[in-house]
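J.: Chains as they are written, first to last, in the working numbering: chain A, 1 to 342; chain B, 343 to 468.
Since the hints were derived computationally from the structure, they do not count as laboratory data. Ideal Cβ positions, reconstructed from N, Cα and C, are used throughout, including at glycine. Be aware that a few hints might be false.
[Unchecked claim] Not everything, but these chain B residues come out facing chain A in the computed CB check (under 8 Å): (1) 361; (2) 368; (3) 369; (4) 381; (5) 385; (6) 402; (7) 406; (8) 413; (9) 417; (10) 427; (11) 441; (12) 445; (13) 463; (14) 466; (15) 467; (16) 468.
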Amino acid sequence: MSLKRKIVSALCICLGVFLIAGTTIYDAVKNNRETDKTDVLMGTIVTQRIYGGNVQTAEKIADEISRLENELISWRVPTSATGILNEKLSVENEELGEYINVCNQLSQLSGGKFDITCGKLTQLWGIGTPQAKVPEQSEIDSALQSVDYKKITTDDGKITIGEGQSVDLGAVGKGIACDKALFVLKQNKVKSAIINVGGSLLVHGEKSKGKCWKIGVRNPFSDDASSQIATLSLANCFVSTSGDYEKVFTDADGKKYHHILNALNGYPEQTDLVSVTVVTDKGILSDGLSTVCFLVGYEKSLAILEKYDAQAVFIFKDRTVKVTRGLQNNFELTDNSFSLGA
Amino acid sequence: MANREKFLKKGDIIIALIVVVLALVMLLPRYINKSDNPVAVITKNGEEIYCIELNKVEQGYDINIESVVIRVEKGKIFFSDSDCKDKICVKSGKLSHIGDTSACLPNKVVITIKGVGSSGVDAITY
Chain A
1 MSLKRKIVSA LCICLGVFLI AGTTIYDAVK NNRETDKTDV LMGTIVTQRI
51 YGGNVQTAEK IADEISRLEN ELISWRVPTS ATGILNEKLS VENEELGEYI
101 NVCNQLSQLS GGKFDITCGK LTQLWGIGTP QAKVPEQSEI DSALQSVDYK
151 KITTDDGKIT IGEGQSVDLG AVGKGIACDK ALFVLKQNKV KSAIINVGGS
201 LLVHGEKSKG KCWKIGVRNP FSDDASSQIA TLSLANCFVS TSGDYEKVFT
251 DADGKKYHHI LNALNGYPEQ TDLVSVTVVT DKGILSDGLS TVCFLVGYEK
301 SLAILEKYDA QAVFIFKDRT VKVTRGLQNN FELTDNSFSL GA
Chain B
343 MANREKFLKK GDIIIALIVV VLALVMLLPR YINKSDNPVA VITKNGEEIY
393 CIELNKVEQG YDINIESVVI RVEKGKIFFS DSDCKDKICV KSGKLSHIGD
443 TSACLPNKVV ITIKGVGSSG VDAITY
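In isolation and in its complexed conformation, chain A is listed as follows (with noise of 0.2 Å):
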């Protein structure tokens, strides 16, 4: 053999070899750098993608979104801030008086349809639960007594409700967790995940360098969850919808009631919109504006929204949809048989 033939040889086997070891390397670097976890949380489910962290970040999150439900924001178990809370109607916790004062900023805003003392109505009407059912106006009514979110304080990391009054945070819990998800991230130098608390997303980071995350805005009008009329292209947010397609519960007569309540009359909200999906820089208000933006209409949203630098995407039941400025160059209608309303 020729030393020319050898080097031939030499070279096709070492490109063999290159290739196949690559490609062993490469899956290697990959599946490590790639973490994905599914658990059920706060009566959701909570999924993670994680690049550059590892299993023990994704436990961390989840072990913290557990925490953030059991010691703080569920009224479902009686030792968590918000169970004692309601309970003793007074309770000492800075963390919680912060979201509450976030609520109610927002309940002010909304005019009073947002109000997270409306415990005792969303128990009422159990939407969501198998015990839902539609309440006796004069249930509601009484129920309506409890609501008032001007009666709560929270002065000195001390809070108190009213006599009567129930608190309920389910408006904005999703966000909350997402926005414990990124402290964890954080803390962890982990540059790039996004982490689906129930719908509510945290956006961490660009996907890989200079590319952003491709999110799905969910059909309104399909009973197919995977199925969407849009796609946002982002980084570094939270995002958020409110719909009136989530808990929906259907009386006897055939009638649907969904869960987003209005806390001045106590029934569902009826407005021209089907969904509103809010993107901004902080879980709790991604997910409470969604909500808000719901209640009030198309609007008297544009004045909140500006407000607190967030965009939105709100879909309309006549399947128009209208998509803020600010986030009008990372919005695509993939959908046809929707709209884009000026």
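Given the coordinates of chain A, assemble chain B onto it according to the supplied hints.
T.: Same frame as chain A, but now just chain B:
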């Protein structure tokens, strides 16, 4: 042609081809997996307990996870029974698309369809 015959013998070409073909064969599954190939992942209490390639299912079968029954069929998977009160999991229907998720929340059992699908999104807000 004459030069090549001088330069490379038949045996050399065969060896080189074998090595390159071997490498390509090893690369192939990566691209096959990138096509629309739904994989159902079932978790209980956050731990992955089953991973099923739905298109490879020939005959349907049931998976019992305590009091939850999951039916697996070619290309689809769904909760067929559960002891939970609301039965939302059973009513949620059949999962077949990548990204579909369903859960029996009281029993903490979650089914997620994974893979790189045509929708191409990283998450859905709802």
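J.: Decide, hint by hint, whether the structure agrees.
T.: Comparing the hints with the structure gives:
1. 361: holds, 3 Å
2. 368: holds, 6 Å
3. 369: holds, 6 Å
4. 381: Check failed: Cβ of residue 381 of chain B comes no nearer than 12 Å to chain A, outside 8 Å.
5. 385: holds, 5 Å
6. 402: At 21 Å from the nearest chain A Cβ, residue 402 of chain B fails the 8 Å test, so the hint is violated.
7. 406: Result: violated, 19 Å to nearest chain A Cβ.
8. 413: Interface hint status for residue 413 of chain B: violated (18 Å vs cutoff 8 Å).
9. 417: Given a least distance of 14 Å, the restraint on residue 417 of chain B is violated.
10. 427: holds, 4 Å
11. 441: holds, 5 Å
12. 445: holds, 5 Å
13. 463: Holds, because the Cβ-Cβ distance from residue 463 of chain B to chain A comes to roughly 4 Å (cut-off 8 Å).
14. 466: With Cβ-Cβ at 4 Å, under 8 Å, it holds.
15. 467: holds, 5 Å
16. 468: holds, 4 Å
Hint check: violations occur at hints 4, 6, 7, 8 and 9; the rest are consistent with the structure.
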